[in-house]
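**Student:** Protein chains in written order, with the working numbering: chain S, 1 to 299; chain G, 1001 to 1299; chain Y, 2001 to 2299; chain E, 3001 to 3299.
If you're looking for bench data, these hints aren't it; they were derived computationally from the structure. Note that the coordinates shown come from a computational prediction; the quantities given were computed from them, not determined experimentally. Heads up, some of the hints might be wrong.
Stated by the list, open to error - Straight-line alpha carbon distances no greater than 25 Å define the calculated SDA-like cross-link-like pairs of lysine to any residue that follow:
#1 K2221(Y) x K3069(E)
#2 K69(S) x A110(S)
#3 K203(S) x K297(S)
#4 K1111(G) x A2067(Y)
#5 K69(S) x D86(S)
#6 K3203(E) x D2103(Y)
#7 K2069(Y) x V2204(Y)
#8 K203(S) x A1023(G)
#9 K2069(Y) x M1243(G)
#10 K2069(Y) x N1080(G)
#11 K2203(Y) x T3155(E)
#12 K1069(G) x D1103(G)
#13 K203(S) x E1144(G)
#14 K2210(Y) x G3241(E)
#15 K2297(Y) x G282(S)
#16 K82(S) x G3077(E)
#17 K2210(Y) x K3249(E)
#18 K2297(Y) x R2285(Y)
#19 K1069(G) x A2260(Y)
#20 K210(S) x V1087(G)
#21 K221(S) x M1243(G)
#22 K1069(G) x V1087(G)
#23 K1221(G) x G282(S)
#24 K69(S) x K3069(E)
#25 K3221(E) x V2204(Y)
#26 K1297(G) x S3089(E)
#27 K210(S) x M1243(G)
#28 K210(S) x T1155(G)
#29 K1111(G) x K2069(Y)
#30 K1069(G) x E1114(G)
Number of protein chains: 4
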Amino acid sequence: MATVAFIGLGNMGGPMAANLIKAGMTVTVFDLNPTAVEALTAQGALSAKTACGAAAAADFVITMLPAGKHVRSLYLGDDNNKGLLDVVSKQALLIDCSTIDADSARLVGAKAAEKGIEFMDAPVSGGTAGAAAGTLTFICGGSEAAYQQAQTVLTVMGGNIFHAGAVGAGQIAKICNNMLLSVLMVGTSESLQLGLDNGLDPKVLSDIMKVSSGGNWTLEKYNPCPDVMENVPSSKDYQGGFMVDLMVKDLGLSQEAAVASNSSTPMGSLARSLYVNHARQGHGRRDFSSIFEQFSKKK
Amino acid sequence: MATVAFIGLGNMGGPMAANLIKAGMTVTVFDLNPTAVEALTAQGALSAKTACGAAAAADFVITMLPAGKHVRSLYLGDDNNKGLLDVVSKQALLIDCSTIDADSARLVGAKAAEKGIEFMDAPVSGGTAGAAAGTLTFICGGSEAAYQQAQTVLTVMGGNIFHAGAVGAGQIAKICNNMLLSVLMVGTSESLQLGLDNGLDPKVLSDIMKVSSGGNWTLEKYNPCPDVMENVPSSKDYQGGFMVDLMVKDLGLSQEAAVASNSSTPMGSLARSLYVNHARQGHGRRDFSSIFEQFSKKK
Amino acid sequence: MATVAFIGLGNMGGPMAANLIKAGMTVTVFDLNPTAVEALTAQGALSAKTACGAAAAADFVITMLPAGKHVRSLYLGDDNNKGLLDVVSKQALLIDCSTIDADSARLVGAKAAEKGIEFMDAPVSGGTAGAAAGTLTFICGGSEAAYQQAQTVLTVMGGNIFHAGAVGAGQIAKICNNMLLSVLMVGTSESLQLGLDNGLDPKVLSDIMKVSSGGNWTLEKYNPCPDVMENVPSSKDYQGGFMVDLMVKDLGLSQEAAVASNSSTPMGSLARSLYVNHARQGHGRRDFSSIFEQFSKKK
Amino acid sequence: MATVAFIGLGNMGGPMAANLIKAGMTVTVFDLNPTAVEALTAQGALSAKTACGAAAAADFVITMLPAGKHVRSLYLGDDNNKGLLDVVSKQALLIDCSTIDADSARLVGAKAAEKGIEFMDAPVSGGTAGAAAGTLTFICGGSEAAYQQAQTVLTVMGGNIFHAGAVGAGQIAKICNNMLLSVLMVGTSESLQLGLDNGLDPKVLSDIMKVSSGGNWTLEKYNPCPDVMENVPSSKDYQGGFMVDLMVKDLGLSQEAAVASNSSTPMGSLARSLYVNHARQGHGRRDFSSIFEQFSKKK
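Based on the provided sequences and hints, a complete structural model is requested.
**Tutor:** This is how it looks when you write it as structure tokens:
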């Protein structure tokens, strides 16, 4: 069985690592938070004193970190500290599952390639529920060989596994998708509220648009109008689901990419502004479909 | 068999009336353009010298006109001319298939109700191809009884037939759907181009987003990026399909409704502005997915 | 001295009529609200039982009403009631100071012209303070002769008096100006907050931008950031000034005009959406510079 | 007299350095382009083989470079090359006049402070004409002492000299101003075109709005509608002035800052999208007031 190093044991990384253990793999974990480490060692993980210590002998190194600066620092090291690239085996496959800027992914990928090491970015979607259930979606950026090799570990943690292109393409594809998702959510919300303001039943309107040219994922799976669908955040006071703050983060990444590539994203940047306003009004930790309230409230 | 009066024999009305004739109904037609009338009488229609003449003895009166002012004028008449409401049988069902402002539909509906006549708005989607094939979508606003009664004629001309609510609801549901469609189209275009600008293959990115949370009708049926799908306007230099000018018209109706109901539609109004700019640059008669070029062009 | 009929004695019309009385003119007033009438008769106005009664013998007829439908109804009458155009002297000048849609103004102007009567639209800005002080701005649409004739009464009630063009041009110029004002206010708010979020002193930033290429009326007279200027609404918890609800009304008029003329107004329509959201959150009766809070709030 | 090192002799830097020479200062220049260097030595400048060589003995070091990466590289050096901070005198004042991201300015400022060297960011506006005439505007970020010391050289090159705050504040104030400027330009353009589409004379409408609440710098100095003002780019087929590509660059910087500080800038980001579309259609090298054509074109 494969030996895996897993670095970053937060709300997502913890259950992802647990699934690898359950599948019988030898998993060595590291996190700055000792409680997070203990939760995994209690399930059978080994632990190491440092990230480099965990990674040194692994076939697969999987990282799950908050932002690009953490990924760069961990992989590349600095004047005083070695980075993962300085210690891992040339045969190892490095997989970063963090959602970060594509430039950081490309930088790490280029430095890895200089040393003859395979690196792949593989950001996920599916949330903590998907992490626990092993049904995450992975969007991979890397060589075809790396993509094939990664199936060993990714199929244990996820359902859909896409290959978007070269290193960095996973990050780009994810932010394109999530930017589009934000546009779908805002556009669907304002369309439903326009119907409501004109006397339509939101359930009837949703049913019509769902099978018409307005059909989209939010109408299928995640209707933002309360009490149209059961068991979605909008019918539970927008608790659970995908937090506004996380959507704001992803929309920030998409805007940084758009600036870097000189691209125009009028809908995506407008969605970002509306979500930032929403977060500033105190809704950052509610589900992102709560943007519906920006249109529906009447005082 | 039902007797039908059909008034307004343009690109849509002509083939719709033809399908009623083919189904064996007795159809009396009227249009200000004699050539349009002759095309139908050659297929077996009767003709009348006036719209009121055509409608006086019909079980169903179907109208297909350009704008609200034409509908109000035809149904209500004026100081010098009788309107349809002055001449039709109390048992007749009046069905207006035009795409117009909901206020005009409600006004005609209210005047009809005063006289004990059933009126229904039933705007269509599906374009000239759907009109010819008898596969249009109808979105109906009217009483349940009217909706049931209308099946006799609507099922001959269309596939999906929805009941959105009371009179006017058909218009509202249609403009909500088409406003959302415009948002999907613009949002999908800018997302695909952001991917392209960052080195992704638009086909790969489309395949990923289509089955992810960015999934929507445009990715399924009508990808705006050339050469991703076959047999869609984007792969035929944006010929055919649904014209930019018609989308501008529908977005104008949605904005008028939003002003009247004091609703906020940031995405829909932005889409309208982008489509108006696009039309002013000379693209009004191309397919509405050509908005993609606003993002993709590089000179 | 001129004899004046003044119809519509609300927050604006009341003090405007009072200034005409103070200037020694014979003013006959009418309003549906008897209390409003009494307030003016106490200051020396005559009153009439109907609007037509007030207007029949006047040299100038001035109207100040809420919306286009009221203006059309008052001037044109209906099947059961005479309109002002049926009773006024051919020598009278009719001046509508309401802020309404240009189409209504043009319709009344055309009907007046058919009867050989001069009509002018002359919407105002300056608020209730300007109405009381006699310092309103009037933006006039009508013939040069009407514009000259109107000076007799307008100079009593206002300071700046502009001639924008033919009938209806006053309304168009006003909504163009107010749409632009809303864009200045939102754009200035978000720019100041971007500076604040990056550590700048809003007073210093305002001083720099005011004399640079970002200079605009809001920085000069009406800074939206609290405590940058004294005696502006932002330094008084956004009380007083020009209400959000009134800006929403004007932005609705500008959007209706933009739809009718097939014009693109991306900034103006976005400002409208933001102001509608703001009003729906309960801020409709606060000053319109309170839109700053959409950007500044941090919970 | 002061000795000055001037590094970066492009369209802006060249004439700025020339003004220092004319004022009698001893100026040592450096640029990678020998032609640019020769143009200055012909006017009396000394030259150096390297940027560090030029800066080593100077009282003032002034830099004018394209982007943040060039500034970081020049000041900080790398593994193989010394940076300016390694060679300049502790008494020297370093002034970077480039328009770059605030983070780069802050980084260089912090590294300078560690070495006890004063650094100030001082981005300019006023264009090549202002550079030649010595009438540039400088917006400075740095200590009060640095700001006072800098007057010696800045007053030779410019007219308005502002102190926005600590290091980095110059960059932030400039992008806030230029973001607001882009909003003024787009908002004014669409307002003028809405008036035009409704029959108004753009000169009359401009005159009204200029002295009303829509008043702003673009109406005062830079009307975007052709033939309203003389001697502005809009009356010269949008030649000269401030290029669209430069506005796109500044709006990119403002969006990066907004993402970094989690700020919402709906108007600024919409302006950026419209300007990027405009540039992609081939207008990148025309004056930024040509955005008016996005609204005015009618084919």
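**Student:** A separate judgement is required for each hint: does it hold in the structure or not?
**Tutor:** Comparing the hints with the structure gives:
1. Taking the CA atoms of K2221(Y) and K3069(E), the gap is about 40 Å. The hint is violated against a cut of 25 Å.
2. Proximity of K69(S) to A110(S) is assessed by CA-CA distance (about 16 Å); at most 25 Å being required, the pair is judged to hold.
3. A distance of roughly 18 Å separates the Cα atoms of K203(S) and K297(S); the hinted pair therefore holds under the 25 Å criterion.
4. A C-alpha spacing of about 24 Å is found between K1111(G) and A2067(Y), which places the hinted pair at or below 25 Å, so the restraint holds.
5. As the CA atoms of K69(S) and D86(S) are separated by approximately 18 Å, the hinted pair is consistent with the 25 Å bound.
6. At roughly 23 Å between alpha-carbon atoms, K3203(E) and D2103(Y) fall within 25 Å of each other, so this suggested pair holds.
7. Taking the CA atoms of K2069(Y) and V2204(Y), the gap is near 47 Å; set against the 25 Å cutoff, the hint is violated.
8. Using a Cα cut-off of 25 Å, the hinted pair K203(S) and A1023(G) is violated, with the two alpha carbons roughly 34 Å apart.
9. For the given pair, K2069(Y) sits about 34 Å from M1243(G) by alpha-carbon distance, which is inconsistent with the 25 Å threshold.
10. For the hint linking K2069(Y) to N1080(G), the alpha-carbon distance of about 24 Å falls within 25 Å, and the restraint holds.
11. For the given pair, K2203(Y) sits about 24 Å from T3155(E) by alpha-carbon distance, which is consistent with the 25 Å threshold.
12. Taking the CA atoms of K1069(G) and D1103(G), the gap is near 11 Å; set against the 25 Å cutoff, the hint holds.
13. Restraint check for K203(S) and E1144(G): the C-alpha separation of about 17 Å stays at or below 25 Å, so the hint holds.
14. A C-alpha spacing of about 21 Å is found between K2210(Y) and G3241(E), which places the hinted pair at or below 25 Å, so the restraint holds.
15. As the CA atoms of K2297(Y) and G282(S) are separated by approximately 9 Å, the hinted pair is consistent with the 25 Å bound.
16. Our distance criterion of 25 Å between C-alpha atoms is met by K82(S) and G3077(E), whose separation comes to about 22 Å.
17. Distance check on the hinted pair: K2210(Y) and K3249(E) sit about 22 Å apart at the alpha-carbon level, within 25 Å; holds.
18. For the suggested pair K2297(Y) and R2285(Y), the alpha carbons sit about 19 Å apart, so the restraint of at most 25 Å is met.
19. For the proposed pair K1069(G) and A2260(Y), the alpha carbon gap of about 13 Å is at most 25 Å, so the pair holds.
20. Restraint check for K210(S) and V1087(G): not satisfied, since their Cα atoms lie roughly 39 Å apart, outside the 25 Å limit.
21. Pair hint K221(S) plus M1243(G) does not hold up; C-alpha atoms about 30 Å apart against a cutoff of 25 Å.
22. Between K1069(G) and V1087(G), the direct Cα distance comes to roughly 20 Å. Compliance with the 25 Å bound is thereby established for this hinted pair.
23. Of the pairs offered as hints, the one joining K1221(G) and G282(S) is violated, with about 39 Å between alpha carbons and a cut-off of 25 Å exceeded.
24. Note on K69(S) and K3069(E): the hinted pairing holds, with a Cα-Cα distance of about 17 Å set against a maximum of 25 Å.
25. With a C-alpha separation of about 23 Å, the suggested pairing of K3221(E) with V2204(Y) holds against the 25 Å cut-off.
26. Proximity of K1297(G) to S3089(E) is assessed by CA-CA distance (about 50 Å); at most 25 Å being required, the pair is judged violated.
27. A distance of roughly 22 Å separates the Cα atoms of K210(S) and M1243(G); the hinted pair therefore holds under the 25 Å criterion.
28. For the suggested pair K210(S) and T1155(G), the alpha carbons sit about 21 Å apart, so the restraint of at most 25 Å is met.
29. Between K1111(G) and K2069(Y), the direct Cα distance comes to roughly 19 Å. Compliance with the 25 Å bound is thereby established for this hinted pair.
30. Simply put, K1069(G) and E1114(G) have alpha-carbon atoms about 20 Å apart, close enough for the 25 Å limit, and the pair holds.
The structure fails hints 1, 7, 8, 9, 20, 21, 23, 26 (numbered hints given earlier, in ascending order).
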